[in-house]
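K.L.:
Each chain, written out:
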Amino acid sequence: MPTSVDYSGYFQQMLGGVSITVQMLLWSFVISLAIGTVFGILRTGASGVVQIPLTIYISIMTGVPSLLILFIIYYGGSGVLTALLGYDRSFDVSPFSSGVAAIAMVNAAYVCDLVHGAIRNLPKGQFEACTVLGLPRFHAWRLILLPQVFRLALPGLVNIWIIILKETSLVSLVGLSDLVTVAKTAGGATSEPFVFLIVASFFYIAMSTLTVPLANRLERRLNRGQTPVGA
Amino acid sequence: MRDISTPQTIDVSLRDVVKHYGPFQALKGVSLEVAKGETIVICGPSGSGKSTLIRCINQLETHDSGDIVVRGITVDGTPANTRDVRIEVGMVFQQFNLFPHITVLQNCTLALRLLNKGTKRLNEEKAMYYLERVRIAEQAHKYPAQLSGGQQQRVAIARALCMEPPVMLFDEPTSALDPEMINEVLQVMEDLARGGMTMICVTHEMGFARRVADRCVFMADGEIHEIAPAEAFFDAPESPRLRGFLDRILPSTAHS
Amino acid sequence: MRDISTPQTIDVSLRDVVKHYGPFQALKGVSLEVAKGETIVICGPSGSGKSTLIRCINQLETHDSGDIVVRGITVDGTPANTRDVRIEVGMVFQQFNLFPHITVLQNCTLALRLLNKGTKRLNEEKAMYYLERVRIAEQAHKYPAQLSGGQQQRVAIARALCMEPPVMLFDEPTSALDPEMINEVLQVMEDLARGGMTMICVTHEMGFARRVADRCVFMADGEIHEIAPAEAFFDAPESPRLRGFLDRILPSTAHS
Amino acid sequence: MHFDLSLAIASLPALFHGLMMTICLSIFVLLLGIVFSVPMALARMSKRRSLAWPALVFVIFFRGTPVLVLLYILYFGIAQFAWVRESFFWPLFADPFGCAVIGLALNHVAYMTDVVRGSLLSVPRGIAEASLALGIPERKVFLWVRLPLALRYGIRAYQNEVVGFIKGTAIVSVVTINDLTAVANGIFQETYDPLTPMITAAVMYWIVVNLVRLGFAGLDRWLNRHHAPEPASRTRTRKAAVA
Amino acid sequence: ETLRLGNEGTNPPFSIMSGDGTLSGLEPDLAREVCKRIGADCKLVVMDFRALVPSLLEGKFDLLVGNMTPSEKRREKLDFTRPVLSNPVSFVVPKDSDWTLTPEGLRGKNVTVGLQRGDMNAAYLKTLFGDSVKYRDYDNPDQTILDLTAGRINMLFMPKLTAAVKLIDTPKGSDWKFAGEPYYSGQEDLPADQRGNAWPVRKGDTALLDRVNGALNAMLADCTYTKIREKYISTPLLPEDAACAAKK
Ligand SMILES: Nc1ncnc2c1ncn2[C@@H]1O[C@H](COP(=O)(O)OP(=O)(O)OP(=O)(O)O)[C@@H](O)[C@H]1O
Ligand SMILES: Nc1ncnc2c1ncn2[C@@H]1O[C@H](COP(=O)(O)OP(=O)(O)OP(=O)(O)O)[C@@H](O)[C@H]1O
Ligand SMILES: [Mg+2]
Ligand SMILES: [Mg+2]
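Each protein sequence line maps, in turn, to chains B, E, X, V and D. Be aware that the first sequence starts at 14, since it is given in our numbering, and climbs by one per residue. Be aware that the second sequence starts at 251, since it is given in our numbering, and climbs by one per residue. Be aware that the third sequence starts at 251, since it is given in our numbering, and climbs by one per residue. Be aware that the fourth sequence starts at 187, since it is given in our numbering, and climbs by one per residue. Be aware that the fifth sequence starts at 16, since it is given in our numbering, and climbs by one per residue.
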């Protein structure tokens, strides 16, 4: 029978796992948000030269399991990178970076769809007002259009945040010591997998449940001033 | 009102402007000259091309043929040229199109800031000056949604004025407003007109047209059917189309 | 119109009906008797409890206290009792509420089928009979979304009639309709009223009320303020509230 | 590193075998999803706390936990307890296929509960009221009016869930099932060529997912045939007379 | 000079990722000693077992310090050092069974064998037994043993030392026993004392191979190997090791 000392050691390791999971979550989310937003803006433009590769990209990313994309990037990634960029055998496709890359690439496609939809729902007059005032395009997007786009896309983005949180667990299958890996190893070593796995699952549930009030706060902030006060 | 027969600087001139939407011809060769300081009111039935016409002036729509000259600049559709034209021309929309997520004051200073005009303080002073002029300075720190429709439209006017454009375009600025709020906007527009601003307004507010328009323009089916000083326009319309139009429209503008 | 002073069968009777929504009292003790074959029009300002009142009759809302008797059945809120009452009472809503996914004919036969009444053929014949009666039989195989608003409302009436209820309730059946379509629905309702159906209608169609209502009821703030035959109701309203109400409402109902 | 076409072709039979496993598993779970999500959604919407709360906890737990963790818990976690191994449902858990089906189904049903609930809630209240007013008993109103309409409102969300779910099955190799991803992985292990088998598998997933999407598009068209053009209804929500 | 070494991390006593995150076990300790002797600065990286060889082939590692059987197929792509340890594969069966370990003997006995996905032995066993038994593929030995004790499978085919450490020598191993001859899945024509598991480098990297071999030979000769081995495993793993142990 394992002693409680063993347990506390493993639980401490699980904290390390949590930190890896959270780092993955943040990186993946930020990168998918950045790429997805750029793609979403490009998708709104008319140029077919951009549309076709974008459509293909989105179709692949939304049609193939994330796990497979992770495997392809992790196991095949450095080969592909070497072939593409002509460097010599020295790309380090670590589990962390390939995990972030895979999750971000997949979710960028979903963010792109969201942002694209939100842009289309933005009143046309907002674009025209920017044009008429002669605002430079980049700043018009940055200061006027995107803030409104994100407000519209917020519920969808919260959803993607939670999906990414759960998808980070996939990196345990390429050997990154995230929360799930630690729980699995600890479970194997102590022959008591149940405890560790349940603790891990509670972490995920707590994280996604906590997201909701935080998202509501954010929404209130973004909506600041945009609902009439008094009648 | 000015005597428009004496030679004057021409601020906006259109010659044979044609515009298609796909196969549909929205403007069928429109010509119009607007002198500096003149106030022009355009009216006509829905779909007659009024919006299209004024949107061609600041190139929100590109025209297919004909010449548009704005304050000496011949519009040619290149980006630099378009930018130059838009600096000369301010525009106010039917739907206000204020930026909902920033305050009234920021709405007014944003373009100045991004175009690197003046310091923050100078810009804010200028914005406050124009907000004052539309009588809404005390609302400067509210968000647009916290204002009534009429107040919002006045902010939109102030926002356009901040760029100090010599020419202003108005596209039905009062038709999204509740009756009580129409007058406060018309009042502001009247002040502007009397202040010597060159203005082209699409509007059905006949009271406004009578009081301040130098000339009224009647459009139908993409063409200008009649141009006349306000009195002649309303009291002795020449074309039968305009007569029919006025008959239908006049009773419903009782409030102005 | 009948002389309502002679003793008659009472189809619907309400006594001291009270209904709360949470702390808010929507009906403050309403009493009303509706004789067989009588047509009652209820009107009153928004929020006065008109909808609540008629929805209590067929128990779409349960009342808190007071008695509701429908064709001899005292409403007690039990499922079996509620079902019995609802079979006696047909209802037509402002928003039509047709089943969008089945054809007009199936809309009419669905309830018959689910209540195991008659064979398929008999039910369809009956449905066609009532569709004929609302003059829409040729649309029987279309889907609701393919019909105009007025046609949809007539289907809703036919659907209710298929259950052959002795009593019909109408909750503002024309107020979601475009002006052109209102008359075709009013016409059908008039036919029904003249055909001897017991009807309770919430409506602001004063022309309809004048032509067919036996009595008009004015509600405000959850209470009945006035009950009177149509002429007296419109031409000599007693309560000041009703007078104020009629002043506001009459000019805008010119179309009926 | 490049795509080895001859290896891809040679791997096809094995990959098809894996694909069959993926499809079997999906069909099983999707059926369970249909059967269980409606009662779950009803429980979740129930006014009775004793029904609503357990349903809510179910949804929160099984939606919040990553499928991978769920499968580990079901396969390795609860097998640790002797009383589970001695109970009568052990045969179900002893079998990896059974475990995978249960694990995926719990997650899928949790998502579906919200899909069904959302669709039911989006059925206009007036339509259910109209049925009640016609004297149709509540149970039949639910079965013949609300459910068929909810199906139409929810079909988009259901499609997304099905596609997401099928992609999610790629995880089942962790409980020793040789699905498409596992087979591709096995070929990679034998040949040390990751790209060829995995890209081939990716293409197969892509085809399946898009067939599903096509199928749903057809179903959607069929279900919404009543929105066929002809004169569109012009209704106005604004009140006619009284302002 | 920096060398990047790959290791599994989840295979005690050969490779253990301990509670505080440090890597210990026979393989890392041997590897560190080798590095010291060849004067290289080594970076030990832990990675999923399945990813080790592809990563080596793609140049993410210079050497894998996980014990691997040098089979024909692996030799096509990799070069191997001298044997680092001998850990032949063995069957684990229920204590009370009397199975003959042939396809005929097992057919109808309802046997399910647990294997490690991507393992050389797995492929071998499948050709040996065909469809007379059922197979189940696991990601790591821990899961295999968890499932054996849970009763989902009833036979293992895994390295004997691993099975001993993780199962047979532990309290829960009382229901199980080893069976059959130890099996070597490497080159079959090797004499018994040269068989064993070795460390792979990329094909053609003979310079590194020679240096590592030199270090390993020296460590065996001066009994450093034995000292390290005794920290983790009580029985000798190689003939030279046995000789050192006997000297004491
Ligand atoms: N983007 C567009 N694409 C196609 N057709 C358009 C477009 N914009 C306007 N039109 C058409 O061009 C014609 C003129 O439109 P315009 O908006 O200029 O009319 P208007 O006089 O401003 O009418 P209103 O009083 O309704 O605003 C209309 O028939 C309209 O349908
Ligand atoms: N489900 C409900 N919950 C709470 N309050 C309600 C509900 N339904 C109605 N009310 C309130 O009860 C009052 C009476 O409502 P009712 O719908 O009967 O009015 P009405 O006379 O039909 O008005 P309208 O002409 O707008 O249809 C209103 O103040 C309304 O806000
Ligand atoms: Mg217009
Ligand atoms: Mg009502």
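For the record, the hints were derived by calculation from the structure and aren't laboratory data. Accuracy of the hints is not assured; some may be wrong.
[Stated by the list, open to error] Within a straight-line C-alpha distance of at most 20 Å, the following computed EDC-like cross-link-like pairs (lysine to aspartate or glutamate) qualify:
#, chain 1, residue 1, chain 2, residue 2
1, D, K242, D, D44
2, D, K88, V, E272
3, D, K149, V, D281
4, D, K124, V, D190
5, D, K92, V, D190
6, D, K141, V, E315
7, D, K88, V, E324
8, B, K137, E, E422
9, E, K392, B, E205
10, X, K367, V, E324
11, D, K187, V, D190
12, D, K92, V, E272
13, D, K187, B, E205
14, V, K326, X, D334
15, D, K218, V, E272
K.L.:
Hinted pair, alpha-carbon criterion (20 Å max): D:K92, V:D190. Please report holds or violated.
P.N.:
Holds, at about 16 Å.
K.L.:
Does V:E272 lie within 20 Å of D:K218 when you go C-alpha to C-alpha?
P.N.:
Judged against 20 Å, a Cα distance of about 52 Å means the pair is violated.
K.L.:
Does D:K141 pair with V:E315 here, judged by a C-alpha cut-off of 20 Å?
P.N.:
Violated: D:K141 and V:E315 sit about 65 Å apart, past 20 Å.
K.L.:
Would the hint linking D:K88 and V:E324 be met if the CA-CA limit is 20 Å?
P.N.:
Outside the cut-off at roughly 69 Å; violated.
K.L.:
Check the hint pairing D:K187 with B:E205 against an upper bound of 20 Å on the C-alpha distance.
P.N.:
holds (13 Å)
K.L.:
Quick one, are B:K137 and E:E422 close enough, alpha carbons at most 20 Å?
P.N.:
holds (16 Å)
K.L.:
Decide if the proposed pair is consistent with the structure: E:K392 and B:E205, CA atoms, cutoff 20 Å inclusive.
P.N.:
Violated, because 60 Å separates the two Cα atoms, which is more than 20 Å.
K.L.:
Check the hint pairing D:K149 with V:D281 against an upper bound of 20 Å on the C-alpha distance.
P.N.:
holds (12 Å)
K.L.:
Would the pair D:K88 and V:E272 pass a check requiring their Cα atoms to be no farther apart than 20 Å?
P.N.:
violated (44 Å)
K.L.:
Are the Cα atoms of D:K124 and V:D190 separated by 20 Å or less?
P.N.:
Judged against 20 Å, a Cα distance of about 41 Å means the pair is violated.
K.L.:
Against the 20 Å threshold, does the CA-CA distance of D:K187 and V:D190 hold or violate the hint?
P.N.:
Answer violated: D:K187 to V:D190 is near 47 Å, above 20 Å.
K.L.:
Compare the distance between the alpha carbons of V:K326 and X:D334 with 20 Å, and conclude whether the hinted pair is satisfied.
P.N.:
Holds - the C-alpha atoms of X:D334 and V:K326 are around 16 Å apart, at most 20 Å.
Hint compliance for this structure: hints 2, 4, 6, 7, 9, 11, 12, 15 are not met, and every other hint is.
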